[in-house]
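The chain contents come next:
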Amino acid sequence: MEKLIDEFEGDQRELIHILHEIQKKFGYIPAQAVSRISKQLKISESEIFGVLTFYKAFSLKPRGEHLITVCMGTACHVRGAPMILDEFKRKLGIESGETTEDNQFTLETVNCVGACALGPIAKADGEYHGQLKTREVDKIIKELMNKKRNSSK
Amino acid sequence: MMKITIDGKGIELEDKKTILDAARENGITIPSLCDHQRLSPFGGCRLCIVQIKGWKGYPPSCCTYAEEGMEVKTKTPSLQRLRKEILELILSEHPNACLVCSEKNNCDEFKSTIRKVGEATGCVLCSNNGRCELQDVVDALKVDKVRFPSIYRELEIKKGDPFFDRNYNLCILCGRCVRVCHEVRGASTLSFTYRGSEEVVGTVLDRPHLESGCQFCGACVDVCPTGALSERAMKYESLPENTAVTICPLCSMGCELEVELKEERILSSKPSQDGAVNRGQVCVKGRFVIRDLVYSPRRILQPMIRVNKELEEVTWEDALDFVAQKLKKYKGKEAALMTSSQITCEDSFILQKFSREVLKTENRVSPVDFSALSAFSGLSQEQGLNASMNFRIEDISKANTLFLAGADLPVTHPIIWLEVLKAVRAGAKLVVASPHELSLNRYASIWLQNKPGTESTLLSYLAKAFLENDEDGGYSRMEGFESFKKSLDEHDFSLAYKTTGVQKEELMKTAELFKEGETAAFLFGMGLTQSPSGIQNLSVLWNLALLRNAQVFPLCQENNLRGVFEINQAYTGKDVSYDQVFHEAFTGKLKALYLAGPMPDLQKSKIEFLVIQDSFTSENIKKADAVLPATTFAETDGTFVNAEGRIQEFKKIVEPLGEARPDWWVVSRLAQKMGAKDFNPKNNSAILKEMNKEIPGFSKTSNAKLDSDEEVFVHEDEKGKKRFFPIRRVPVPEETSQKYPLLLSIDYNLDYYRNLSLTQESKGLRILRDSRWISISPGDAKKLKLNDGDIAWIESSSGKTKSLVKISDAVPRGMVRANFLWSEDSDFSVIPLGFSPSYKNHLLNFIPVKIKRGK
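Residue numbers (the numbering used here), protein chains in the order written: chain A, 1 to 153; chain S, 1001 to 1855.
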């Protein structure tokens, strides 16, 4: 991680870029990263914390192997996003913002993914699933589990 | 010149300003909650909206600059309706029952005792009741109901930090605290965290302030318009009856304080918004420690004399008779006087006169001898330099490149730090030379991390780097340049890293920065001068500054060091050495000591007659034959001279406690009893008049009224030259050995007032920075099996003392940092220190020590 941060030359505008890189690599932003970035970019720790808690893309807790993000924006909401979310919660046995015990899945909500025409929409490991129906939820979860199996082979 | 109209009133504006400021200056009130005179426009609360002819919508007046011919309306019915609605929305997340209660006025009479609850759920339970801007705005807009449902955010009330509590359930997110912390103080401890309805002001990872780099300056508390941030000590107090203005005596900045009073007692102290030096800012000591200091249980309140081995309380008459009779026996070299640099100029003048005319002794010492100022003046006298010690604090913010050595500004010179920060924010480059990491390094372009004790070598290399590839700025024709340049020859760049720990590239980069910047400033504190090579360090700094035609800013320590220095200069020019007096106290050569200043433990000394004149007790009182209670700054009129050389007059704010009397009063009475004539000043101004005649530095005080707004500075004679001189190479500093493997570095935090250790008196300050702490690197701590808070013995070749371990990343391996105090907390036995005969008036900055776990 230190190497990753030190690669940036200390330009303060790179903050979000660095946070993305760390998030991608570790699945979350470890606390030590904040002080390291602070030293490298000369931005105070609290300002970094302000930025990283502003964006849902960053997490302070380790996320599961797979990330499912259900859009709860207005368009998705009126098209039944709450039902989709409930279905994910029921199938995974966790609340929004939590990670399953086996560390496989993290379920989160966002307020808009910018694809309102496709609502209700959910993102699974970066892949968009538009015009979702509750019965497709199970399929998405299974696909993700298979993906894991395939990649580990 | 620009003309606008606001509410039909024609207004002429000299320069660019916001509509809100223009309106306020012309007596037109526009309600606002997030705007603050010391902060940049924010546009958060939207209460200051106005209507402008030809403009769409309702622009916020705090963020809209006036333009020629603008017609602004501030009080239309639609604006009032909108403002009310906005305020109702703000109130929906703030306890509002009391604010809009119809019984509000009647309730006032009964609310005095119910403010001590754990959580404020209404105005009557809030410690900021009566000084809340939200209340003012609700009254001004006549809001009598809130039509939205109340939302209680259920945020935890943070009470874990010293000095103030944070209850963000009362926060209206105006962002003043975040902005003042970032914009003005540069601490950036606070930020907006989370988002939308979850947004809350917070610290990194929601840590306590103590663990987030906060220095507890209290600026956030002072700007908070609600009770979200509240001073804890005020919770049990009702509102002040009146306020008084004084000058803070706790460091050399000379901050103007506004002290809140009730029934002749000090409730709290706040920065004065109009303070010439501090302009609404102050540090933790001025903000939160003043009250503890004045009402310390360690105050001496009664004159005492030793009768049959016991100290007995007596009247002033008896005490002075006793001292006069005994002191008469000792004259000349048998007697000595120790003064303080924290008392007023007048006190200091009278004490000085007393030693000359009554004690007839040359043995006079004061902490001035150890100051950066004394070193600077010593150098300029020795070399015949034209080195002005006066400066203007605002000149610092005008510099384009700044060099700092030997002071941890946010702690030691907080207001100077704010000026440096202003410069950096305006694009200036800051270069810091320090062996250990400082919190301000975040703002430095370059941190030259030199090995401890190699300062003069580092500066010499820097001078060499300055000269390389430099177009001559005219300095080569200046006197002494060639010999100075030649004296640098010994420094070979190839050895730079090996000797100082700083790479050539860093030095060249620094030189490059100073080449680009038009105006440079060189700031140095006590850390640079307190070593046997202190004068050498300064010599190189002087030459370095000359290469850039820059001003040198000597940053002195104690509040009135400059004043006492000027008085001393007018007479002997030099005091005798501290070591000598201390040494002679133990050999028996010195028989009588008049102690009106700090002195290490004298209990085992051979002093026959010891008089202590102080505001606070110390261990030395056990040895004293007479104890004379002196007032603190709060109970006397007087003048201080701050680091700039600014002469500041202040008035008494409370009556003297107990039998305490101003130092000049005590000494004058005593002198009279000892038969001296011309020792009956009526009051302070009489003494100031006398000083005006006798002390060259005070010659400007006569034609200026000090209490008016006119600024008076110490008078400086034009003397000496601006010239270079050759520098001497300094031997490698004392190395650590196997026996003493660590290097102790002394910090000069100045956490003392006369004999009082501030961290001993103020619980909060002790939590923030206990003077008994030694900071050690995590690596060394691990090796020595030490944990945070452990007791450790620290031992040097001259003695050992106990201290508390504090593990810190900022300290490099092999180094230990400790705080230096002129008071009880400090154990001089480890610092061999200046008191060994081999060093004259030098407290060493770096001392080889070993550390052992203790109990």
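Hints may contain errors.
[To be verified] Straight-line alpha carbon distances no greater than 16 Å define the calculated EDC-like cross-link-like pairs of lysine to aspartate or glutamate that follow:
(1) Lys25/A to Glu65/A
(2) Lys39/A to Asp6/A
(3) Lys1515/S to Glu1468/S
(4) Lys91/A to Glu143/A
(5) Lys61/A to Asp1809/S
(6) Lys1689/S to Asp1770/S
(7) Lys1498/S to Glu1512/S
(8) Lys1003/S to Glu1085/S
(9) Lys56/A to Glu1199/S
(10) Lys1329/S to Glu1310/S
(11) Lys42/A to Glu1437/S
(12) Lys1693/S to Glu1659/S
(13) Lys1073/S to Glu1119/S
(14) Lys39/A to Asp1809/S
(15) Lys39/A to Glu1437/S
(16) Lys56/A to Glu1198/S
(17) Lys24/A to Glu2/A
(18) Lys1017/S to Glu1085/S
[Unchecked claim] Sample of chain A residues at the chain S side, in silico, Cβ under 7 Å:
(19) Tyr28
(20) Ala31
(21) Lys42
(22) Glu45
(23) Phe49
[Stated by the list, open to error] Calculated from the model, a selection of chain A residues having no Cβ within reach of chain S, i.e. all distances over 12 Å:
(24) Lys3
(25) Ile5
(26) Gln23
(27) Lys56
(28) Gly93
If you're looking for bench data, these hints aren't it; they were derived computationally from the structure. All C-beta atoms in this analysis are idealised placements derived from N, C-alpha and C, irrespective of residue type, glycine included.
Status of each hint after checking the structure:
no.: 1; hint: Lys25/A to Glu65/A; verdict: 12 Å, holds
no.: 2; hint: Lys39/A to Asp6/A; verdict: 10 Å, holds
no.: 3; hint: Lys1515/S to Glu1468/S; verdict: 11 Å, holds
no.: 4; hint: Lys91/A to Glu143/A; verdict: 14 Å, holds
no.: 5; hint: Lys61/A to Asp1809/S; verdict: 25 Å, violated
no.: 6; hint: Lys1689/S to Asp1770/S; verdict: 42 Å, violated
no.: 7; hint: Lys1498/S to Glu1512/S; verdict: 22 Å, violated
no.: 8; hint: Lys1003/S to Glu1085/S; verdict: 32 Å, violated
no.: 9; hint: Lys56/A to Glu1199/S; verdict: 13 Å, holds
no.: 10; hint: Lys1329/S to Glu1310/S; verdict: 22 Å, violated
no.: 11; hint: Lys42/A to Glu1437/S; verdict: 13 Å, holds
no.: 12; hint: Lys1693/S to Glu1659/S; verdict: 32 Å, violated
no.: 13; hint: Lys1073/S to Glu1119/S; verdict: 40 Å, violated
no.: 14; hint: Lys39/A to Asp1809/S; verdict: 12 Å, holds
no.: 15; hint: Lys39/A to Glu1437/S; verdict: 11 Å, holds
no.: 16; hint: Lys56/A to Glu1198/S; verdict: 12 Å, holds
no.: 17; hint: Lys24/A to Glu2/A; verdict: 15 Å, holds
no.: 18; hint: Lys1017/S to Glu1085/S; verdict: 28 Å, violated
no.: 19; hint: Tyr28; verdict: 13 Å, violated
no.: 20; hint: Ala31; verdict: 6 Å, holds
no.: 21; hint: Lys42; verdict: 5 Å, holds
no.: 22; hint: Glu45; verdict: 4 Å, holds
no.: 23; hint: Phe49; verdict: 4 Å, holds
no.: 24; hint: Lys3; verdict: 19 Å, holds
no.: 25; hint: Ile5; verdict: 15 Å, holds
no.: 26; hint: Gln23; verdict: 16 Å, holds
no.: 27; hint: Lys56; verdict: 8 Å, violated
no.: 28; hint: Gly93; verdict: 25 Å, holds
Violated hints, in rising order: 5, 6, 7, 8, 10, 12, 13, 18, 19, 27; the structure is consistent with all others.
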